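**Student:** What follows is the residue order along each chain.
2 protein chains.
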Amino acid sequence: MTTDSWADTGGGFGIDNLPYGIFSRPGELPRVGAAIGGRVLDLAAMSEAGLVEDRRCFASGSLNAFMVAGRPAWDANRARLVELLTDETYRDRVEPHLIPVSDVELRRPFEVADYVDFYSSEHHARNTGRIFRPRDETLPSNWKRLPVAYHGRAGTVFPSGTPIIRPSGQRRTPGEPEPTFGPSLRLDFEAEVGFVVGVPSAAGRGVPTGSFRDHVFGFVLLNDWSARDLQAWESRPLGPFLGKSFATSISSWVVPVAALEPARVSPPVQDPAPLPYLRCDERWGLDLRLEVLINDQVVSRPRFASMYWTSPQQLAHATVNGATLRTGDLFGSGTVSGPTRDQRGCMLELSWDGREPLDLPDGTKRTFLEDGDTVTVRAQAPGASGSPITLSEVTGTIHPASQP
Amino acid sequence: MTTDSWADTGGGFGIDNLPYGIFSRPGELPRVGAAIGGRVLDLAAMSEAGLVEDRRCFASGSLNAFMVAGRPAWDANRARLVELLTDETYRDRVEPHLIPVSDVELRRPFEVADYVDFYSSEHHARNTGRIFRPRDETLPSNWKRLPVAYHGRAGTVFPSGTPIIRPSGQRRTPGEPEPTFGPSLRLDFEAEVGFVVGVPSAAGRGVPTGSFRDHVFGFVLLNDWSARDLQAWESRPLGPFLGKSFATSISSWVVPVAALEPARVSPPVQDPAPLPYLRCDERWGLDLRLEVLINDQVVSRPRFASMYWTSPQQLAHATVNGATLRTGDLFGSGTVSGPTRDQRGCMLELSWDGREPLDLPDGTKRTFLEDGDTVTVRAQAPGASGSPITLSEVTGTIHPASQP
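The listed protein sequences derive, respectively, from chains A and B.
Okay, so the first sequence: first residue is 1 according to the UniProt record's numbering, each after it adds one.
Okay, so the second sequence: first residue is 1 according to the UniProt record's numbering, each after it adds one.
Worth flagging that the hints you see were computed from the coordinates, not collected in a lab.
Owing to the predicted nature of the structure, the values given are computational and were not obtained by experimental measurement.
Keep in mind that a hint or two might mislead.
Taking lysine to any residue and the SDA-like style, the derived pairs with C-alpha atoms no more than 25 Å apart in a straight line are [what the hints assert, rightly or not]:
hint, chain 1, residue 1, chain 2, residue 2
1, A, Lys144, B, Pro174
2, B, Lys365, B, Ala305
3, A, Lys144, B, Phe132
4, B, Lys144, A, Leu185
5, B, Lys144, A, Gly161
6, A, Lys365, A, Pro339
7, B, Lys144, A, Glu176
8, B, Lys144, A, Lys144
9, B, Lys144, A, Gly182
10, A, Lys144, B, Pro177
11, A, Lys144, B, Arg301
12, A, Lys144, B, Lys365
13, B, Lys144, A, Pro183
14, A, Lys144, B, Pro183
15, B, Lys144, A, Pro177
16, A, Lys144, A, Lys365
17, A, Lys144, B, Leu185
18, A, Lys144, B, Thr180
19, A, Lys144, B, Thr173
20, A, Lys144, A, Pro208
21, B, Lys144, A, Pro179
Could you put together the complete structure from these sequences and hints?
**Tutor:** Right, here's the structure in full:
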C-alpha cells in the first residue's frame with residue numbers, strides 16, 4: 001500500500017493509517033469518521049452519498065455497530081477508502097466530506113463492554129515487584145506461565161482530553177498505625193496500548209491465538225490512571241479496585257489491526273515455553289514506539305515491542321475458560337516499560353516510588369503527578385508506505401480533588 | 001402494608017414483595033412483569049390498558065429503562081400495583097394481565113453495566129485466609145478498615161437457570177513443579193446477595209451511605225461461580241480473573257429496596273469504628289435467610305444479617321474515589337458465611353478445600369462440584385404483612401467442560 005493519496009496525509013495520518021473515530025460538529029449528531037492528514041472523512045455523509053457501502057452504522061454515535069460487522073466488512077471498507085483517497089477522479093466527490101479536525105469535537109470512539117487490564121511487561125512487573133513486595137521473589141511464580149490480568153471499571157473509560165479529577169480514598173503509609181482518608185498523594189499514569197473487540201465469541205469456546213484478527217477491530221493508546229497509595233492499601237488479597245477505578249483514558253482514534261501489519265515483529269523469547277493454548281505461530285510483537293510527556297516534556301520512550309506477552313496470547317488466555325467476548329471489550333496491555341529508566345511507563349517506576357524524584361526539563365521535579373499536570377502518551381509505528389504512522393495521543397490534565 | 005390481595009399471593013410472592021423481572025411468551029417480545037403468587041403481572045399490557053402510568057419502559061426487554069426513572073417513579077408504581085391488586089373493583093380489569101409463571105420464560109432482568117464483587121463476610125474472609133494464606137494473618141490488615149472488593153466480568157452475568165459449563169484453565173497444585181491445563185478440578189459456588197443501581201451518579205462525587213436508596217433499585221440472589229484451582233494459581237498479585245470470569249448467575253426477579261424495609265436489622269458491631277465516609281446512621285443489616293441446595297438437598301443456611309459490611313457502606317466505598325455509577329451496575333456482597341459449618345456459603349469452606357468431604361443426604365460425598373450437580377440458592381426475608389417474602393432462587397447446573 002504505497003500508493004499516493006491526493007489528500008494531505010501529514011502527521012502520520014496517511015492512507016496506510018486511516019483510524020476510525022466518533023466526531024461531531026456543533027449542533028450535529030455524533031457519527032463515524034476516519035482520520036486522514038489533519039482532516040476527518042465523514043463516513044456517514046459518504047455513505048449517504050453512495051460513496052461507501054451503505055451502512056447505517058456510520059450514522060451511529062459509537063463504532064460498536066461497525067465493529068460487530070466483522071473482518072470482511074472492515075477490510076472492504078478500508079480498501080474502498082484507499083481507492084477513494086488515491087484515485088483523482090473521486091476527488092471532487094470526496095472533498096466536501098473532509099472536515100478539518102479543528103472544526104470537530106472527538107468523542108469516546110466506542111462503548112466499552114468489559115475492560116480487562118494485563119500486566120505483560122516483564123520490566124514493569126519486576127520493578128513493581130521490587131517496590132511493592134520487596135520481601136517476595138521479584139516475579140510471581142505464575143508470571144511467565146500466563147499473562148496476569150484483572151478486570152477494571154468499564155464505566156470510567158474516558159476519551160482523550162477528559163479532565164482527570166484527583167481521587168480521594170483510604171491510604172496507609174507503611175509504618176503508620178491507622179489509615180487516613182484524603183486526596184491521593186501518589187497519583188500516577190500508566191502508559192499502555194489497548195485493543196478492542198469487534199466480533200463476539202461463543203459461550204464456552206475460547207479464541208485461539210490464530211483467530212485474533214477475526215475478533216479484534218483495532219488498537220488505541222491507553223492511560224490507566226492509578227492512585228498508588230489507595231492501591232497499595234486496598235489490594236490485598238483481591239487486587240486493585242479504587243486505586244484504578246476512577247479513570248482510564250483512551251485515544252480518540254482506533255487504528256485498525258490491518259494498519260499495524262507492517263509493525264509486527266518477533267516478541268521476546270518466552271522461556272519456559274508457554275502451554276499449547278498460549279502458543280502463537282505468527283509473530284505478534286508490535287513495534288510501537290511510545291512517548292510519554294508531562295506538560296509537553298518527554299519523560300519516557302517505552303517500546304511496545306519489548307512486551308513479554310503478545311495481544312493474541314492475552315486474548316486466548318482471557319477466553320480459555322469459556323468467558324464470552326462482547327463487542328466493545330477493551331483489553332489494556334499493562335504498563336509498557338523497558339529495561340532503562342528512560343523507558344519506564346509510570347511515575348512509580350520513574351521516581352522509584354518517590355524515592356528518586358524525576359527532573360523535568362523545565363527545572364521542576366516530580367515524584368508523582370501534581371494538580372495541573374498534563375500527561376500525554378503518543379506513539380508511532382512503521383507504516384506500509386515506509387514512513388511511520390501515528391497512533392493518536394491520549395492526554396489528560398489533573399484537576400484538584402472534589403470537595404467532599 | 002398488611003392489606004389483603006384478591007390475587008393468589010402464595011410462595012412468599014405477596015403484595016409486600018412484588019419483584020420485577022423480564023418475561024416472554026412464545027412468539028412475543030420480552031417485557032417487564034411483576035411477580036404475584038404464581039403469576040406474572042404483564043406491566044407492558046397494564047400500561048397499554050391505562051392501568052399503570054404510561055411507561056414505554058415496560059415494553060422493554062430489560063429493566064434498565066425503568067430503573068433509571070428513580071425512586072419517586074419506583075415508589076409510585078409500587079403503590080399503584082398494591083392498589084390494583086387489593087381493590088376488588090380492579091379485579092376484572094387486572095386478571096386478564098396475570099399470566100401463570102409456568103407459561104412464560106424468564107430472562108436476565110437487567111443489562112449489567114459494571115459488576116463489582118465484595119468480600120464482606122468476616123467468617124468467609126477468615127476461612128479463606130486460613131485455607132489460601134496459612135502463613136499470613138487470618139484477616140488482611142485492611143479488612144476491617146474498608147470493604148475489600150474487585151471488578152468481575154459483566155459480560156458473563158447470566159440469569160438463573162443458565163447452564164454452567166465447567167471452565168478449563170491453568171492450575172498448579174502446590175508441590176507440583178509445573179502448571180497443567182485442563183478442566184477445573186475444584187469448581188465451586190458462592191452464595192451471595194447482590195444489589196443493582198438504577199440512578200447514575202455524577203463524576204467525581206461519591207454516593208454517601210445516606211443516599212443508598214436514591215440510587216439502588218433492588219436486590220437479587222447471586223452465585224459467583226468460582227474455579228478454585230484456577231483462582232489460586234492466577235491471583236498473585238492482581239486478584240482473581242479466569243477463576244471467576246466464566247459465569248455469575250443472578251435471580252430472575254429483582255426485589256425492590258422498599259420490599260426489604262421490614263428486613264432491616266442492626267449489622268454486627270464494627271470495631272475499629274470506620275472512617276467517617278463509611279459511617280451509616282441507619283441500620284442496614286438485612287435479615288435474609290439463605291439456603292443453599294445441591295441437587296435439592298439443603299447443605300447450608302447462611303444468614304445475610306451476619307455480614308460485616310452493609311450494602312450502603314459498600315456503595316459509599318466503591319464511589320468515594322469519584323468513580324461514577326451507571327444504571328445496571330451490579331454489586332455482589334461476597335460469599336455469605338456464618339460462624340458454623342452449616343452456614344458456610346461455598347464448597348471451599350464446606351469441604352475445607354476438599355480435605356473434609358461433605359456428606360449429602362443422598363449418601364454421596366462432595367469436595368467440589370461434579371458435572372450434573374445443580375446448585376440453588378434461595379432466601380426468605382421478613383415481609384411487611386408478617387409472613388416472609390421470598391427472594392427468587394438462583395440456580396444452575398454444571399455441564400461438562402467443552403472439548404477444545
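**Student:** Each of the hints needs a verdict: does it hold here or not?
**Tutor:** Hints and how they fare:
1. A/Lys144 - B/Pro174: OK: lysine 144 of chain A and proline 174 of chain B at ~17 Å, within 25 Å.
2. B/Lys365 - B/Ala305: Given that 25 Å is the threshold and the Cα spacing comes to 29 Å, the pair is violated.
3. A/Lys144 - B/Phe132: holds, 22 Å
4. B/Lys144 - A/Leu185: holds, 23 Å
5. B/Lys144 - A/Gly161: violated, 38 Å
6. A/Lys365 - A/Pro339: holds, 22 Å
7. B/Lys144 - A/Glu176: Holds. Lysine 144 of chain B to glutamate 176 of chain A sits at ~16 Å (cutoff 25 Å).
8. B/Lys144 - A/Lys144: violated, 34 Å
9. B/Lys144 - A/Gly182: holds, 18 Å
10. A/Lys144 - B/Pro177: At roughly 14 Å apart (the allowed maximum being 25 Å), proline 177 of chain B and lysine 144 of chain A satisfy the hint.
11. A/Lys144 - B/Arg301: violated, 41 Å
12. A/Lys144 - B/Lys365: Given that 25 Å is the threshold and the Cα spacing comes to 37 Å, the pair is violated.
13. B/Lys144 - A/Pro183: holds, 21 Å
14. A/Lys144 - B/Pro183: The hint holds at about 21 Å.
15. B/Lys144 - A/Pro177: holds, 14 Å
16. A/Lys144 - A/Lys365: violated, 35 Å
17. A/Lys144 - B/Leu185: holds, 23 Å
18. A/Lys144 - B/Thr180: Holds, at about 14 Å.
19. A/Lys144 - B/Thr173: holds, 17 Å
20. A/Lys144 - A/Pro208: Holds. Lysine 144 of chain A to proline 208 of chain A sits at ~19 Å (cutoff 25 Å).
21. B/Lys144 - A/Pro179: holds, 11 Å
Comparing the model with each numbered hint stated earlier shows that hints 2, 5, 8, 11, 12 and 16 do not hold.
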